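Enquirer: Okay, here's what each chain looks like letter by letter:
There are 2 protein chains.
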Amino acid sequence: MRLSELSERSGISTATIKYYLREGLLPPGERVSATQAEYGEGHLRRLRLVRALVQVGRLPIATAREVLAHVDDESLGRTIRLGAALWALPHGPEPDEQAPETAAARAEVDALLDRLGWTGAREIGELSPVYRSLVAGLATLARLGYPYESAQLEEHARLMHEVAVRDLDQMETCATRSQQVEMAVASAVLHEPLLASLRRLAQEEESARRYGY
Amino acid sequence: MRLSELSERSGISTATIKYYLREGLLPPGERVSATQAEYGEGHLRRLRLVRALVQVGRLPIATAREVLAHVDDESLGRTIRLGAALWALPHGPEPDEQAPETAAARAEVDALLDRLGWTGAREIGELSPVYRSLVAGLATLARLGYPYESAQLEEHARLMHEVAVRDLDQMETCATRSQQVEMAVASAVLHEPLLASLRRLAQEEESARRYGY
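Those protein sequence lines, which keep their order, are chains A and B. Quick note on the UniProt record's numbering: the first sequence kicks off at 1 and runs consecutively. Quick note on the UniProt record's numbering: the second sequence kicks off at 1 and runs consecutively.
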């Protein structure tokens, strides 16, 4: 399809599409003449993801470009490719190695992973910004005087693993690995706020059941 | 205790504590002389919550004041008091009634609540900004071309209900209702980012199990 049709079908203006092309967020179309290029369904799918990352996830352009580079990197193994794309998303703060709570928080995360039998996550360990942001988060909670009770943390982790199993089942319905990673990235950006809303709504429901209004 | 001790035990400077007092985030101490006031354990607990809301949750002072007013409102029923405190926290965007996807998203949330048997949440309905932000979120996903599959949404909701049951169990370990609502507010602000991290870490783990690295 031509640029005008790509714009119409995606609902994104031609000016914005040209901007995304210049910034390398969208691969160039196939040139058919000096002034025209041809775009395919892949471009439409990519535009949808760019819009989710930039407009809803509010990712800076450079960050979105890095995420997309990992999505497209066929040289990586599946877990590392998925990891690299998710790791390029914004994360919580890094652990403060000067803070006295950090060492205890790291030991707590490692003990949690051991209890859960999450050997994969344990092996990836410090390499993952997700692991590091969990360490930083637990240290902050301890410093604030709201320690994450280890039984509660473990139950939350088990329930989030059930969510993750369903996430990967859903991902596997995508035809290609590249599309699977795209879905994981979109889901991280789009579903996280909704999961938080579902938890709060479930709290309202559970409170109404236990105590009335 | 005197202001200096309150500062020492909370790790918050006397200047910041005076600012919180002026802004009504902290109730005044008991005046013992023209220049001195006496503070108790309740002030220490409240300071801890204020710091979590303002420093970690980055809530504007006016928003924090509103949340705390509901925490302290003994006139409300338990569910409404918990709800009011949580509802005063920042939420996602409101539903866009002009968007064609909004009516369908609202019908989807209602159908979900019916299938789940969440009669309490269904009855509170539109009154709750949590419900409204869920409607807005589903409409956005549909507009972006990433519809939240209804089976996936339902499984996520069921798992979040299990999280909520544990949240309320944990809350009930607090001695007073006011402390219970304080814990719910702190947990919403502090645990939501960690739950998102746990989900991403669980995805890494599940990916390593299924595909290696």
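No lab work stands behind these hints, which were simulated from the structure alone. In this text, all values refer to a predicted model and were calculated from it rather than measured experimentally. By construction, the Cβ of each residue, glycine as well, lies at the ideal position given by its N, Cα and C atoms. There may be inaccurate statements among the hints.
[Unchecked claim] Here chain A is said to cover these stretches of chain B; the calculated rule only asks that three of the stretch's residues, wherever they fall, bring their Cβ under 8 Å from a Cβ of chain A: (1) 19-28; (2) 32-43; (3) 57-71; (4) 75-82; (5) 92-101; (6) 166-179.
[Stated by the list, open to error] Away from chain A, derived, C-beta distances all over 10 Å, residues of chain B: (7) Met1; (8) Leu3; (9) Glu5; (10) Ser7; (11) Thr14; (12) Ala15; (13) Thr16; (14) Arg48; (15) Ala88; (16) Ala104; (17) Ala107; (18) Asp110; (19) Asp114; (20) Arg115; (21) Ala202.
Enquirer: Check, residue by residue, whether the region 75-82 of chain B contains three or more positions whose beta-carbon lies closer than 8 Å to a beta-carbon of chain A, and give the verdict.
Expert: It holds, with 5 qualifying residues against the three required.
Enquirer: Taking the minimum C-beta separation from threonine 14 (chain B) to chain A, is that value above 10 Å?
Expert: holds, 19 Å
Enquirer: Determine whether the non-interface label on leucine 3 (chain B) survives the test: each CB of chain A must be over 10 Å from its CB.
Expert: Holds, because the least Cβ-Cβ distance between leucine 3 (chain B) and chain A comes to about 19 Å, which exceeds 10 Å.
Enquirer: Could you check that no beta carbon of chain A comes within 10 Å of the beta carbon of alanine 104 (chain B)?
Expert: Label holds. Min Cβ-Cβ 16 Å, cutoff 10 Å.
Enquirer: Beyond 10 Å from chain A, beta-carbon-wise, is aspartate 114 (chain B)?
Expert: holds, 12 Å
Enquirer: Does the region 166-179 of chain B contain three or more residues whose Cβ lies closer than 8 Å to a Cβ of chain A?
Expert: holds (count 4)
Enquirer: Would you say alanine 15 (chain B) is clear of chain A, with no C-beta pair closer than or equal to 10 Å?
Expert: holds, 20 Å
Enquirer: Confirm or reject: alanine 107 (chain B) is not an interface residue toward chain A, with every Cβ-Cβ distance exceeding 10 Å.
Expert: holds, 16 Å
Enquirer: Any Cβ of chain A at or closer than 10 Å to serine 7 (chain B), or is the non-interface label fine?
Expert: holds, 15 Å
Enquirer: Establish whether the coverage given for the region 19-28 of chain B by chain A is satisfied; the threshold is a Cβ-Cβ distance below 8 Å, and no fewer than three residues must meet it.
Expert: violated (count 0)
Enquirer: If I take the minimum Cβ distance from arginine 115 (chain B) to any residue of chain A, is it greater than 10 Å?
Expert: The assertion about arginine 115 (chain B) holds, with a minimum of 13 Å to chain A.
Enquirer: Test the statement that methionine 1 (chain B) is away from the interface with chain A: the closest C-beta pair must be farther apart than 10 Å.
Expert: holds, 16 Å
Checked against the numbered hints above, the structure breaks hints 1, 2, 3, 5, 14 and 21 and satisfies the rest.
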